[in-house]
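Student: Chain by chain, the residues:
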Amino acid sequence: MNAPLYSRREMLARAGGGFGMLAFASMLEAASNPFAPKVPMQVGGKAKSIIWIFTNGGPSQVDTWDYKPELAKRDGQTLEGFDPKTGFFPGSVGGLMKSPFEFKQYGESGTWCSDLFPKTAMHVDKMSFIHSCWTGSNNHSPALFMINTGTTRMGYPCVGSWVTYGLGSESDSLPSFVVMTDPLNRGLPKGSASNWGSGFLPSVFQGTWLKPSGAPIDNLAVPASLTPQRQRAQLDLLAKLNRNALHGSAIESELNARIESFELAYRMQTAAPDAFEVKNEPKHIQKMYGLNEKHCGHFAAQCLTARRMVERGVRFIQLYSGGMENQQSWDGHKDILGNHRGFANESDQPVAALISDLEQRGLLDQTLIVWGGEFGRLPIAQKGDKPGRDHNPHAFTVWMCGGGVKGGYHHGESDEIGFKAAIDKVSVHDLHATILAAAGLDHEQLTFKFQGLDQRLTGVENPKVVKQVFA
Amino acid sequence: MRYFEAMTRGLFVSILFFTTSLLAAPAKVKFNRDVRPILSDKCFFCHGPDPKKREADLRLDMRDEALAAKAFVPDKAEMSELIQRIVTTDEDDHMPPAKSKLGDLTAAEIAILKQWIDEGAEYEAHWSFIPLKPEATKDQSIDKIVSAGLAERGLKLQPEATPETLIRRISFDLTGLPPTPEEVTGFVTEHQFDPVSSIDHLVTRLLASPHYGERMAVDWLDMARYADSYGFQVDREREVWPWRDWVVKAFNDNLPYDKFVTWQLAGDLLPNATDEQILATAFNRLHQQENEGGSVEEEYRVEYIADRVQTVATAFLGLTFECSRCHDHKYDPITQKDYYGLFSMLQNIDEAGLYSFFTPSPPTPAMMLMDQPAKDKMAALKAKVADLEKPKSSLPPDLSRGELAHFTFDELKGNKLTDSLHPPPAPQPKQETKSKDAKKDKAPPDPAAVLKGENKLVSGKIGNAIQFTGDDAVDTPLGNFQRHEPFSISLWMQTPDVKDRAVVFHRSQAWTDAASRGYELLIEEGKLKWSLIHFWPGNAISIRTKENIPLKQWLQVIVTYDGSSRADGLKIFLDGKQAAVEVIKDNLTKTIAGGGHDNISLGERMRDRGFKGGLIDDFRVFGRDVTQETNADLQKARAELYAFQDAQKELMVMKELPQPKKAYVLTRGEYDKRGEEVGPQTPAVLSPFPKGAPKNRLGYAQWLTAPEHPLMARVTVNRLWQSLFGRGLVKTTEDFGSQGERPLYPELLDYLAMKFIQSGWDVKSLVKEIVTSQVYRQRSIADAKTMADDSDNQWLARGPHFRLPAEMIRDNALAASGLIKLAMGGPPVHSYEMTEAFKPVNPGGGDAVYRRSIYSNWRRTSPPPAMVAFDAPRRAVCISRRERTDSPLQALILLNGVQYVEAARVLGEKLYLEAKGDLPKMIELGFLRCLSRKPDAKEVQICTQLYQEQLAHFKAQPKEAEKLLKTGNAKRDASIPPAEASAAAVLAQTLLNHDACIVKR
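Residue numbers (this note's numbering), protein chains in the order written: chain A, 1 to 471; chain B, 472 to 1472.
Worth flagging that the hints you see were computed from the coordinates, not collected in a lab. Note that the coordinates shown come from a computational prediction; the quantities given were computed from them, not determined experimentally. Don't be surprised by glycine CBs; every beta carbon is placed ideally from N, CA and C. There's no promise every hint is true.
To be verified - Subject to a maximum C-alpha distance of 30 Å in a straight line, what follows is the list of computed DSS-like cross-link-like pairs (lysine-lysine):
id : chain 1 : residue 1 : chain 2 : residue 2
1  : B       : K570      : A       : K449
2  : B       : K523      : A       : K449
3  : B       : K1144     : B       : K730
4  : A       : K449      : B       : K1144
5  : A       : K383      : B       : K884
6  : A       : K464      : B       : K523
7  : B       : K1409     : A       : K240
8  : B       : K524      : A       : K425
9  : B       : K499      : B       : K570
10 : B       : K1202     : A       : K383
11 : B       : K1166     : B       : K1144
12 : B       : K570      : A       : K48
13 : A       : K464      : B       : K572
14 : A       : K48       : B       : K572
15 : A       : K425      : B       : K1144
16 : B       : K627      : B       : K609
Unchecked claim - Over the 12 Å line for every Cβ pair with chain B, so calculated as not near, a few chain A residues:
id : residue
17 : A72
18 : K73
19 : D83
20 : P118
21 : S141
22 : N185
23 : F205
24 : E293
25 : K334
26 : G362
27 : G407
Excised from the complex, chain A in its bound form (with noise of 0.2 Å):
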């Protein structure tokens, strides 16, 4: 045997392992030592893959987790020294509205839930409830960037680039990163792929957008022709070609990580597939789920592919329930009812059935599961036939479950009409930090350069990590 010609870094960078061992090799370029472990676990929690289910538009918080008895008690009253322009409709700002749901409470933490969720409301005593949750911006497109990248502007990473930038990867045959959208064609959200691009970070931390429909991954289904047998024939020549030049140089070590790159590119062609193959699952998996039914079917199948792609090893997937703005997704102006209903009951089963299927797997404690979009609603009508609540930034409702979070535990408070934020007032940053900090990623310390500056995903007005949602 050769001595190794080159050193683990050096294997590393040029590709060796894949999708995960790129994030590493990244990682440890950009460290003094290059075993130094760059980012230390100093608080928070242990998962391993995160999983944000992304409520696309913004649901309204004081119809879904955040009760506000006091809200039912002022129906209909005006809003005293209210901003027109705090939502997007200056013109149809009615008084205030209770919300149309029934709320009881559930588990043995007596948390309160609106009867969107009966069955997802079942779990409550494993998620943590931030309530305090507030944003930047009123406009759908930049508080989607800021809550996806920390920055109302577009063209910066996103939370899954720097936390599979941070982690790397544990599949050798999947993207680390995975990003789903609506499949009925409701369209995508503003701004679509920046909100899950890589920003300055090195493209391969970008996510990758599984296409609702057709073949999920770009040029992953071989040319019509070649079967993988037959491709498999090939790519052996081709390496035997390459390594026939090359042998004994001291690149052979170099080749061998391009080579395994094609192998990699090779897996992904079966492995990928198979993890969309939810059909394979057991009936009562299926059933779970709910994954014929028509209500639901489609976000099963996505939550369903969620779990797979946990298993296998990929470490963050973004998964957007509604599609574009207004009655394709959470953006509930008109009919906040009839909104409101139809996408609980697209996610209410599928999201509880992920929850189970994790935890009977033992994945639960290993996997953070987030709720939340890019922000709240206000507790005031917005006018219309059927009343619609406008656009809130200054509150709304985040949950956490599984990887390490307390259960049945409520996190700051909005105010008594679930107005805004009031106590413990959480930041898009903070809330950034704690996501990292569930994956042991320590916000300060995960930094890329970039114009001259250690860039971070929280910025520099130092956020804090809700250490209290840690078990």
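Chain A is fixed; fit chain B onto it per the hints.
Tutor: Structure of chain B alone, referenced to chain A:
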């Protein structure tokens, strides 16, 4: 002083924790090489150039200041506080403090600092700020410098690469294309006889190739953040490709680099600037632009200029100026005032912070792109107009003729306000059948104006008047005037207060959302402003009354336009008297029509400020200039001239305003937090601004290109080195400051930089010098230890090798297959990959999918994924260094992407036909085309096996063969049996994926 006292509280640590003798300390410490990096990393953040972050009043980046604060005692490391504070274990005194998270210094670093102090603690200016010396080129060469450096390590240059490798390497580096098999054979033969002159011939030939310019341009497009769309969320497409073609041409013409830079920065300011020089300035306008409704115009204008600052600083200074947008630089001597000093020079154009949503015109300032015949025709049309224009004869307004509409606002019917000249048509008898066509054709237009929202009728000047809410308009049905048509409007109005801005009436779709296209009467700062606009602010005529208009009293206003497209063709009459006005804008060269909303509206406009509380009465529209007799011939001549002007394409460029805009330090970089006013300035640490140079972009270009400038030439040659070697002599091509990498061969960088200046900034000669050097011509493989110790080839102990950049990967496959279409220039094209892009676009037909990658349509929100996968940047901001990653997505593209499968298929056919089906011959031809060399016996054997296996399969599965042969647009050659064609395709694909095909070796 306080600092010293504070320090003496600490323990006096006099013990050395280790012996320096154990460490390989350099013979004599050099400040820049050894000390500055330590101070920069560990100390400057709190004790550096930024006064706001400075702790204990101590700065260590300047010797005098450090000495004054008694940070160290020269020659006496043991007695120096600096050392004591680093080695002490007292947590309160220890440096860097734990909370800084900077980490402790290593033993080796401490040893260096001690030795430095013991040797006198001498400082050097930061290496890249020291001016170049003419001696740098004396008796020197690339090979001498590198050989000497290698000798110190006991190494020497590798032998020259094989001629087959060399021609492939040089061809890619100079043209971005592989050599043809014939070129390879020719070169190899010539090389046998005369290696030196064969290389000289090769390089000379390639430098003269038009594809040289295309290859060089790609790097510059990254710097210039070139894209075929505006970027940000809306990301509409824009036509800026004439600038891209200019870059290609400039490289091919070997435009001296100082001119290349000067024209792009300030071509418009050159005496008698040519069209080409002005076109080059589009460089400054290629940043992203916004048009999303409701965005703050000034916020984005500031962002644009910040982008220009960053681009100029990265491209020409190699400094991270952007760090100084919010505060003085923490590591480099760049103040926040320096930042806004450059900002002040880059903002003096008549631009808006938003481009128009409703009209497609390029943002101003823009130049018309005209060839000579077009210019001649334009001159002739202008001369004709000038001939017909008579000296002005202004008459008092005559409102008795030419009236088109008259709204008295006396009576409201429903929401209708009658035009007294055109009473409403008699009610139509109810139609029995309601067909769509009947409705469209027969319903006569309603001449009445429409009152909207809460606007109301109140007692007015004559009968009733409208009182406006400011949020609602009154819409008239007419007023879509063209700019050759004289017209006038008369009204009575009354404003309740001094309006900062209010729309009295307008014909336009919107304010910034439509660049105000149309015409408008506004109150601005209490004065009346009358304007005709193509694109505000750069393409418009506008006048404003010198005096404020009276408050709370009726005022008769008549505004007129004579059809001349000049500000002196606009007039304002107040109570019958012509008002004294100042000219605000006087440059209208394009249409005022279009954008939608083709009628006059009163009192309100989309996303603008309305005439809140204002009154308007007796609104009359005239189809003539009421102060002049109409000249039909003149109007016709103008119509012709304007139509011709409107038809010319425009490109956004720089056009200096006569009066520079005021610039301010912006607190925290925020557009609305203006601080101290600043004028043009450059960092004090760099060479002085040339005496007598104008304090504008042109002077700035002169400053950059003066031989004394320490950075410009160094930064430029370093980027070229990066382009050829895959790594700059300074790896951080974007940062030559103290946080950037210090070059291992500073003499080489200085040699190349000085040589470049001495050659008259001759780029081709610089390229030639590098690629003919032995250092470049070395084989790219060294011994295993050297390669492991120096993985990115900083030592230059071997020739360059790296995976080809995105554009070359694709162009190579196209060239090897013969599919490539080498037509140059023109509008961008859609390649196959675009169908895979996020927003699917159909690939272009015909040659489009076979054009070189530089011509692929570059849309910022969805650039070609196959390019991005190979690390092409998105071109949102200036990028001087691409990442280089290897990922399986790349392998998937190469194996399965339509572009590559098609290329393999066509190459397979070509091999089959050329070899007439003779397999060994096919394999040899394939090797020559894809690897630029012949195969050895083993390789022939492997390829034979591959081909035979595939052939057997395709013979058994003819349907599969048929499918494979349908990939891509290119027609298959039916003369080849499908199984053979398919097997040949697989053979070709294998070769196209060979390491030597996608890696430059």
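Student: Given the hinted pair K570(B) and K449(A), is their Cα-Cα distance within 30 Å?
Tutor: holds, 21 Å
Student: Per the stated criterion, does the least C-beta distance between G362(A) and chain B lie above 12 Å, as a non-interface residue requires?
Tutor: holds, 29 Å
Student: Take a quick look at E293(A) and tell me if its Cβ sits farther than 12 Å from every Cβ on chain B, holds or violated.
Tutor: holds, 30 Å
Student: Is K334(A) truly not at the interface, in the sense that its beta carbon sits beyond 12 Å from all beta carbons of chain B?
Tutor: At about 21 Å from chain B, K334(A) clears the 12 Å cut-off, so the statement holds.
Student: Against chain B, does G407(A) hold up as non-interface, every C-beta pair farther apart than 12 Å?
Tutor: Holds, because the least Cβ-Cβ distance between G407(A) and chain B comes to about 33 Å, which exceeds 12 Å.
Student: Between K48(A) and K572(B), is the straight-line Cα distance small enough, at 30 Å or below?
Tutor: Holds - the C-alpha atoms of K572(B) and K48(A) are around 26 Å apart, at most 30 Å.
Student: Can you confirm whether the C-alpha distance between K1202(B) and K383(A) stays at or below 30 Å?
Tutor: With a Cα-Cα distance of about 60 Å, the restraint between K1202(B) and K383(A) is violated, given a limit of 30 Å.
Student: If you draw a straight line from the CA of K383(A) to the CA of K884(B), is it 30 Å or shorter?
Tutor: holds, 29 Å
Student: Measure nothing beyond the straight line between the CA atoms of K1144(B) and K730(B); if it is 30 Å or shorter, mark the hint as holding.
Tutor: Given that 30 Å is the threshold and the Cα spacing comes to 37 Å, the pair is violated.
Student: Would you mind confirming whether the straight-line C-alpha gap from K464(A) to K572(B) stays at or under 30 Å?
Tutor: With a Cα-Cα distance of about 17 Å, the restraint between K464(A) and K572(B) holds, given a limit of 30 Å.
Student: Given the hint that K1166(B) pairs with K1144(B), test it: the Cα-Cα distance must not exceed 30 Å.
Tutor: holds, 25 Å
Student: Given the hint that K524(B) pairs with K425(A), does the C-alpha gap stay at or below 30 Å?
Tutor: With Cα atoms ~28 Å apart, K524(B) and K425(A) stay inside 30 Å; holds.
Going down the numbered hints, you'll see the structure goes against 3, 9, 10, 21, 23, while the others check out.
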